[in-house]
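Sequence order for the protein chains is A and B.
First residue of the first sequence: 5, per this note's numbering; consecutive thereafter.
First residue of the second sequence: 528, per this note's numbering; consecutive thereafter.
I should point out that these hints are in silico values taken from the structure, not numbers from a laboratory.
Be careful, since some hints might not be right.
Claimed, not checked - Under the rule of at most 25 Å between Cα atoms (straight-line distance), these lysine-lysine pairs were calculated in the BS3-like manner: (1) B:K938 with A:K47; (2) A:K68 with B:K917; (3) A:K85 with B:K917; (4) A:K85 with B:K758.
Said to hold, decoys possible - Which chain B residues face chain A? A few, computed with CB under 10 Å, are given here: (5) I870; (6) A873; (7) V876; (8) M888; (9) A891; (10) A930; (11) V947.
Ideal Cβ positions, reconstructed from N, Cα and C, are used throughout, including at glycine.
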Amino acid sequence: MKRTSVVIALALFGLTGSAFANEANYGRNMASACSSCHGTNGKSVGGMEALAGYPKDKLVKALKDFREGAKPATVMHQLAKGYTDAQVEAIATFYAAQK
Amino acid sequence: MTINRREFLKVSAAGAAAAGVVGLSGCTGAKGSGNVVVIGGGYGGATVAKYVRMWSDGGINVTLIERNTNFVSCPMSNLVLAGEKKLEDITVSYEGLKKHGVRVIQGDVTAVDADKRSVKLANGDTITYDRLVVSPGIDFMWESVPGLTPELANTKILHGWKAGPQTVALKKQLEDMKDGGVFAIAIPKAPYRCPPGPYERACLVAHYLKAKKPKSKVLILDANDDVQSKKGLFMAAWKDLYAGIIEYRPKHEISSLDANSMTLKFEFADAVKADVLNVVPGQKAGDIAKQAGLVTVNNRWCGVDWRTTQSTVHPTIHVIGDATQPAPGMPKSGHMTTQHAKIAAAAIVSLMSGEQPADPMTIANTCYSYVDGKQAVHVASVHTYDAKEKTFKTVAGSGGVSAARNEIEGKYAWAWAKNVWADALL
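The following block holds chain A by itself, in its conformation from the complex:
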């Protein structure tokens, strides 16, 4: 029975309506990939844009502009092309919530 319960619990997780399983941690994990350059939780120690507390809409627009070549960059235009709109949204939501 235990195994059945686990399966049912997992099935229910899939019906919560979010785009990603465990949405909060998904955004946190996705953003952590950026932290290697932009600082833990977006708190840059200098020389890179600090993303902590960055307004969500502004970050979403910046990443889309990088992707479309509307914003000049050395690296970010190449990296931004690797993310979907939904992923950009998840990352921007996380950083906007950081103090």
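Using the hints, position chain B against chain A.
Just chain B now, with coordinates in the frame of chain A:
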């Protein structure tokens, strides 16, 4: 059937128990409990130690075992070789990790017992774990260079492929070399740690020689058929900045080394005699990975499930960094290793807290190389999980290299270093 919160907690507990977790957190704010041991305090080990503490809100105990007293970065170490930076500039202490509650032990792990879930240290101590992270970096395949021994590699024929005393000693050999001397760097067959590293080193050694000993030469003796990374950018630098100093020779796989006469022999090319022989031997996962039974690919690398970095042999052991058999397109780089570490940290906290795992994250690599004291070039890539193929793949249309060498990226390269060190260790 509906499931209430109470039943859900029961189910989570059952799931966690099935996953081999020792205990569960209460509702104290801390997430998860139990003991994580990390072997190796490089880019991967330091990052995973910090992030497990941070993401479990201090609920999970983390012990990091590292043989060196401080973290010394391989990326940027070629700047030290060229006299542009000092070893202190690329050294970070482990005090920052202690502030995150990581127990840092200086020592050498001599054995892993996966059944008993324990590691043994050279001093005889045994430490038990619920989950183990193995981040040992690389060790050398001495047999790849007949005539080379570990002893020679520590005295006369240096590799400079692990930053620290090797970097300092190689710098001294370069400084002691006469004007008009030959500095030869021998590159092993790929895969090896840091694909662009040898070519960056050639640039920075030449940068030093151009200013200090302009009659000297740098010979790049590459076992591979061609330049392994940032080819156009390096070739342009060699032509524009170091004409008459750097000479690139592909298809130079070493057949033997004679340290007395300072000569390298090759199967299909003329022998080379040099004043400094910087021989980078072939590489494999750090020795402890083999002892722990984690090596699964070509007797060299550790296979993992990239969603969690769990070893394909022992699911309670995670392997990250240069020791792994990478997913297609993943380079063996310090930056990539920090990304592995974050996948591992997220998985470990989920598995040890009964928390629902998030979907696999997307990871990225950005790797800078200096071509002189001020200008740098980069290669970047984005990697996302492909559920069908059960591995990470590079995202089509993403990534790329610099349009040309430039000073702005020289500044970004150093800012990258300061930020990635802080993210891993502070």
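Okay, the hints, checked on the actual structure:
Restraint check: the Cα-Cα separation between K938 (chain B) and K47 (chain A) comes to about 19 Å, which is no more than 25 Å; the hinted pair holds. Between K68 (chain A) and K917 (chain B) the alpha-carbon distance is near 28 Å, which puts this suggested pair outside the 25 Å criterion. Restraint check: the Cα-Cα separation between K85 (chain A) and K917 (chain B) comes to about 22 Å, which is no more than 25 Å; the hinted pair holds. Restraint check for K85 (chain A) and K758 (chain B): the C-alpha separation of about 23 Å stays at or below 25 Å, so the hint holds.
Evaluation of the I870 (chain B) hint against chain A yields a held restraint, the C-beta minimum of about 8 Å falling below 10 Å. With a cut of 10 Å, the hint placing A873 (chain B) at the interface with chain A holds, because the nearest CB-to-CB distance is about 5 Å. A least Cβ separation of about 8 Å between V876 (chain B) and chain A falls short of the 10 Å threshold, and the interface hint therefore holds. Nearest Cβ of chain A to the Cβ of M888 (chain B): about 4 Å, under the 10 Å cut. The hint holds.
With a least beta-carbon distance of about 6 Å to chain A, the hint placing A891 (chain B) at the interface is held under the 10 Å criterion. Below 10 Å, beta-carbon pairs count as interface contacts, and A930 (chain B) has one with chain A at about 9 Å; its hint therefore holds. Restraint check, V947 (chain B) versus chain A: the minimum CB separation of about 5 Å is within 10 Å; hint holds.
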